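Trainee: Those sequence lines, one after another, are chains A and B.
Position in the first sequence counted from 1, then plus 41, gives you my numbering.
Position in the second sequence counted from 1, then plus 78, gives you my numbering.
In case anyone wonders, no lab produced these hints; they're calculated from the structure.
Hints may be right or wrong, so weigh each one.
To be verified - Result set (EDC-like, lysine to aspartate or glutamate): computed pairs, CA atoms no more than 16 angstroms apart in a straight line:
(1) A:Lys255 to B:Glu367
(2) A:Lys165 to B:Glu367
(3) B:Lys338 to A:Asp219
(4) B:Lys228 to B:Glu149
Unchecked claim - Reference listing, derived: stretches of chain B covered by chain A, where coverage requires no fewer than 3 residues with Cβ under 8 angstroms from a Cβ of chain A:
(5) 168-182
(6) 317-330
Note that the structure is a prediction, hence the values are computed from the model and not measured.
For each residue, glycine too, the CB sits at the ideal point set by N, CA and C.
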Amino acid sequence: MSTSVERFDDKARGAFDQIGDNQVYVGELLRHRVYTRFLHWMVAIFFFLALFSGFGIYLPWLFRWFTPVFGGGAVARALHPWFGIGFAVFFGLQTLNWLAPMTWTAADSRWMRNLKSMIAGKEKLEPPDTHFFNAGQKLQFWEIILGTIVLLITGIIMWSGAHSLGRLTVAVSYILHDIFALIMLFGIFIHLYLSTIGQPGTFQGMIRGAVSEKWAWTFHPAWFQEVTGRDAREAVEQARRDTAASGSSPKLPMV
Amino acid sequence: MSNRQTLQIQQMSGHSGPIAGAGVQRDLEVCKLVDTTTCIGCKACEVACVEWNDMPFAATMFDNTYQTMPETRWNFWNLIKFNEHQKEDGTLMWLMRKDQCMHCADPGCLRACPAEGAIVQYANGIVDFQQENCIGCEFCVSGCPFNIPKFNSSTKKVYKCTLCSDRVSAGLEPACIKACPTGCLKFGTKDDMKMHAEARATQLRDHFGFEKAGVYDPASIGGTHVIYVLHDASNPELYGNLPRNPQIPWSYTVWKWLAKPVLGTLSLLGLVGVLFHYVTVGPRRAQPEPPRRSTEPSPQSRGKKEGQ
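Use the sequences and the hints to build the structure in full.
Mentor: Take a look at the structure:
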């Protein structure tokens with residue numbers, strides 16, 4: 042399976058690189074190619090369309106002011122499943138595209154144990170074995186996959202209706218659909234924060250596709266080393282030792 | 079019966095807090111009594127319903143019975159269900175039941191509906207859909223134990239029998255009652271109709287040999303504002319899937335009034351959380367690049383593995 046998926050992904054990446062361009066300036070690294078960026082933003086568009094049309098069904102008394110954007114509550118309800126299917130299709134492609142870098146490793150389990158001090162801001166640098174994605178990103182990726190599967194199944198049950206699948210099945214689906222939508226809503230806040238103001242320099246990786254080398258060695262050191270062949274962490278340690286030996290004033294990066 | 083031109087609202091879907099003006103005036107609970115033992119299946123009520131509600135004449139669907147169509151439709155709210163039943167002694171019974179909204183005291187449709195004011199229950203017991211507030215989610219379809227609300231895919235709204243709330247509010251009986259030639263349909267207060275029904279059931283038991291005759295007014299949903307006299311009240315399923323013990327899925331109350339607000343608030347904590355993380359801990363910034371050693375490869379000799 043993996044080979045045919047790889048062939049498909051390679052083909053798609055190549056085709057999209059023909060259409061779009063990856064501008065990488067001096068001091069930058071290519072992070073996301075055109076295909077990945079395209080999929081990400083298609084997923085984002087469908088996510089927010091499904092989310093906002095879903096708000097009008099979730100709590101109409103609170104969000105009825107918002108549904109005219111879609112043409113009224115009934116039209117929002119009619120469009121919502123199609124937005125969901127759009128989301129599932131593009132996230133499905135993204136899943137194939139990202140399956141390899143999103144695979145969970147031992148380094149990720151170590152990362153998760155370190156989560157508390159990471160959130161508290163005590164760690165300015167990611168652990169040296171953090172590769173293309175860190176464990177937090179992978180966690181969200183797999184959470185979205187689980188969420189999409191549940192939302193798709195329960196959504197189709199609700200779409201088919203109580204006539205065909207029974208009243209209780211549909212009634213239980215409402216609850217599961219809401220729970221997983223809310224889990225994904227919770228996740229999107231964290232995703233939006235960390236990809237913009239919470240970790241400056243990340244956003245352009247998904248817009249232009251390139252990130253600065255500084256960003257890369259700070260947040261994804263193992264990936265940085267693989268791409269550049271330089272062990273940035275070792276260089277920091279070496280410089281620190283040199284400085285200590287010579288006794289001169291340190292010219293070190295702020296770690 | 080009320081002679082006011084408006085009906086007071088007692089319950090409203092998707093509405094938290096009290097109903098404005100509820101309980102200001104007293105009102106009697108109304109009830110439609112359907113005596114299946116005197117129904118002759120003439121379908122005058124079907125025609126009267128279609129006429130009064132100005133609905134287009136719907137295409138009939140023949141399924142080897144006298145029934146007009148298999149089930150009610152969004153524009154056909156009143157349907158006589160014809161059922162043939164063979165008794166133990168080999169004789170046949172032809173059971174006819176007028177199928178329509180039962181106007182439950184505890185309406186499953188109203189419990190399931192998330193849209194504020196799309197389903198209301200008046201103080202007189204009539205459950206009515208307000209299509210201008212309906213979002214067409216069809217949750218009411220799963221809430222109803224009688225398979226009554228029907229979705230119209232072109233207007234994207236759900237429709238059902240109104241118990242002629244427009245006529246009742248003007249002091250008139252529902253159209254189907256007016257059209258019934260045998261008197262098998264009666265309309266009045268719930269207490270009166272219940273009394274009539276019990277009297278008729280007693281008559282059927284004592285004088286007509288229907289030992290199991292009784293009144294269908296299911297307690298599991300608090301009673302209904304349409305009640306039946308049945309020849310065999312112990313077996314309502316005979317009358318075209320009339321549920322013996324209609325149930326509303328338990329999950330609606332928990333889902334609407336606990337899970338939705340609580341989980342919604344919890345997910346909003348994600349937004350509050352990242353905001354205060356920015357304010358208190360602050361962002362993580364990219365660190366300056368470490369000094370490059372002479373032994374390291376130059377930027378030109380980089381591999382092309384970058385980018386996913």
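Trainee: Which hint numbers doesn't this structure obey?
Mentor: 5
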